Each structure stands twice: as structure tokens, then as C-alpha cells.
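There are 2 protein chains.
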Amino acid sequence: MQTIVAVVGGTGAEGSGLAARFAQAGVRVRIGSRSVEKAHEAARSIGGQTTGHANPDAVADATIVILTVPLSAQVETLKTIRGSLAPGAIVVDATVPLEVAIGGRVSRILTLWDGSAAQQAARLLPGVPVVAAFHALSAEALAKLDHAIDCDALICGDSAEAKAAVKQLAETIPGVRVIDAGPLDNARLLESAAALLISLNLRHKVKDSGLRITGL
Amino acid sequence: MQTIVAVVGGTGAEGSGLAARFAQAGVRVRIGSRSVEKAHEAARSIGGQTTGHANPDAVADATIVILTVPLSAQVETLKTIRGSLAPGAIVVDATVPLEVAIGGRVSRILTLWDGSAAQQAARLLPGVPVVAAFHALSAEALAKLDHAIDCDALICGDSAEAKAAVKQLAETIPGVRVIDAGPLDNARLLESAAALLISLNLRHKVKDSGLRITGL
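Chains as they are written, first to last, in this note's numbering: chain A, 1 to 216; chain B, 1 to 216.
No lab work stands behind these hints: they were computed from the structure. Being a predicted model, the structure only gives us computed values, none of them experimental. Be careful, since some hints might not be right.
[To be verified] Cross-link-like lysine-lysine pairs, in silico, DSBU-like; alpha carbons within 35 Å at most:
(1) B/Lys144 x A/Lys167
(2) A/Lys207 x A/Lys38
(3) A/Lys207 x B/Lys207
(4) A/Lys205 x B/Lys207
(5) B/Lys167 x A/Lys205
(6) B/Lys205 x A/Lys167
(7) B/Lys205 x A/Lys207
(8) A/Lys207 x B/Lys167
(9) A/Lys144 x B/Lys167
Let the hints inform the model, and build the full structure from the sequences given.
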């Protein structure tokens, strides 16, 4: 089955960075947005086989749906798309539960009732394999298409098959090494690691810190 | 002023690994333990100017006190030593609030009332500069004295002066790069990162995974 990737929130910095990298690798990409106009615009700027759509239309034939929206939009967006997911589709949640969602800081995270943003997504998507991934990949680094990414991609989830598909997709990005971080309830550790990088970016006045796990 | 380091919980794997590295660098080290006998034994095996003591005696003339005890022993140990700290002493907390303290898993962390184990330590030590550090340095890697450590040391705290002293100490360990991760309330992110490494060790059957921040 051909991989078709929908990036929901694909007009934001993180989403369009991922979309551009996958398009560059020859993957068919659907950009989803609340605004069809903005989705078209982002798709045109990426080029290749990339197309732009309203969020529910973007996911309709996607085998992998990547959610890159702020925490404040996560629940509503999932409710908007869940009726349109193709059978067998995998949902990848990249949400970092930053305190900024309630007017706080981008370097702090909230403790969610479900334990993590990815588990919150899984609760809203019964029966759908959810993988947590891509939190640590800097939007700025993704956007520099001629540069490899100096960052590992830690992923977790409860379906080995879904993790394998996401691993294969992630490894199309030059420089990215995928590391299996276990079941979905480890997502809070990945979300925390992303907040740590945001905090280091602010403190050390850079935009693209990343992380590498040594000893593996 | 000469640096004198007390390692409280210095007979455990993490504490004795740190103690051995600092002793190797020529630092004067006091090993603290609840058992004076075990402290003597650990000090003898490390050698150099290292001496063994009951915890309160170990900290009495130390300029930097490093706490490497399990979460279950953290509060009691701090109460035991706080009356014996030298004026101006810095306390470095390396506690990772692992769920194992309540019979759970070593790859999960508890959410503490204070936000992190380091903030819990700071609450119990009013007026004492507390730095969170050393969580991610593998005990196994520390013990291999002829090998450099392939891991960054993220540190945080509210006293710039105390962080500078801990940075200078940490950089005596070959391979370690110290990264300032901000104020003490970021300690939860460092504690989470350590739990992530423990989880990766278990999953990938290694004992000494570490982390490097890229882009800084």
C-alpha cells in the first residue's frame, strides 16, 4: 500500500517543515488546515505531489495522519477529523502540552488528566493506533531542506506495526535516527524532552537545539 | 577556598561512580552513608584522599554536598544532614523521582507536590543554594574510570554562583559537557530525561545510554 501522509496543522512551522521533508523524499503529502486557502498556499510552496485541503478532507485517504497543532487546538481538531479517518490509518501525535495553552510559558508543560497529549489523543480515537513522535525535531532545522537534521526521533506507541510504519517514514529525513521509546504511556517523557529543548533554545538563544541518545 | 565534595548516598552505584571520578580528578571527597562501615569500605576502594563517614559527619566541612539516594530516602536523609551543613555549602540533588519508590517501575516517575525532587530538596533546605544535576550520567559509565563519558550534564538552579561551582566540578569528568538548563523549577525536565534514559536502557538492553544536546 502506498504511503499517503496527511499533516493536520500543516500550515504551521512544525507541520510544514515535516511536510516539506516528506515531499522532498517523494512521499505523497496532504496539507490539512482549518483554512483551505492557507492549505493550498502551503501545498503550492512545498510543491511536488503535495495538495492542500480542509482538515477532514486531508485525512480521508491518508495512511499516516500527523497532528501538529498547538495543545489548545488538539481536542477540537481530533474531533473534526476522527469521522474521516481511513480504515487502518495511523495517527501520529506531535503535540507538546505547553503551558502557553493557558497563557503560560512555552518552556513549561501541563500535566494532563490522561498523562500526556498523545494519550489524550488515543482516548479520543478509540481503535486507532496512535504513535507519539516528532516532538523534538526543530521546525527551523526541518525548514533548511539542504541540511541534515542532527536529532534522534524518539517514538512510542502500543502498536509495533504502527511504530514500524512511522519509523520508516521518519527515516526518510536525512540525519534522523529513530529510537523506540516503548509504549504510548512513555509519551510524557518525550513531551518533557521537547519542552527541555524549547527551554534550552530560549536560554541559549538558538532555535534548533536537538538531542542525540548515546550508548545505543 | 578548596573544594571538598561530600557524596551522601556515596556507597550506592551512582554516588560511588561520581565520587570515584572526582577523586580521580584530585578533588577531596567524603563518602557519606547511613553505615559508617560501608562508607569506610567505599572510601578505601576509591582511594586517594577519600574518606568515609556517617552522613552528617561527611557533610560537615564540604563545600559541595551531592545527594545520590533513592527517592524513598531523600526526605529523611536531608533531615539528617541539614543541621550539619557548613555555611555557604551548595547542595546538589541528583534524585530521580522513580515510581519504584512506591513499588512501581523504574522507568516511570511520580509527580511530586513540589514539582520535582530537586524542588522538594530546596523546600527542606531553606537558605541553601540547591542545584539539580547528574541525573543522566550512567553509574555504569562513571565506574569505567578509563573511559570518557558520552553524555551532557544538564544542570539547573536559582543561584548562578552555585551553578558555576557545580559546572566546574562536573567538568572534571572527561567527556562531560555542562549545559545550563535554567532555574530550579526546570528540574522536573531533567528528572524526566533521566527516566527516559532508564526506560531506553531497559528496552534496548544496555546500561549506559546518555544524551547529547545538539545545536548548542
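Verification of the hints:
no.	hint	in the structure
1	B/Lys144 x A/Lys167	holds, 33 Å
2	A/Lys207 x A/Lys38	holds, 25 Å
3	A/Lys207 x B/Lys207	holds, 32 Å
4	A/Lys205 x B/Lys207	holds, 33 Å
5	B/Lys167 x A/Lys205	holds, 20 Å
6	B/Lys205 x A/Lys167	holds, 20 Å
7	B/Lys205 x A/Lys207	holds, 33 Å
8	A/Lys207 x B/Lys167	holds, 24 Å
9	A/Lys144 x B/Lys167	holds, 33 Å
Of the numbered hints listed earlier, not one is contradicted by the structure.
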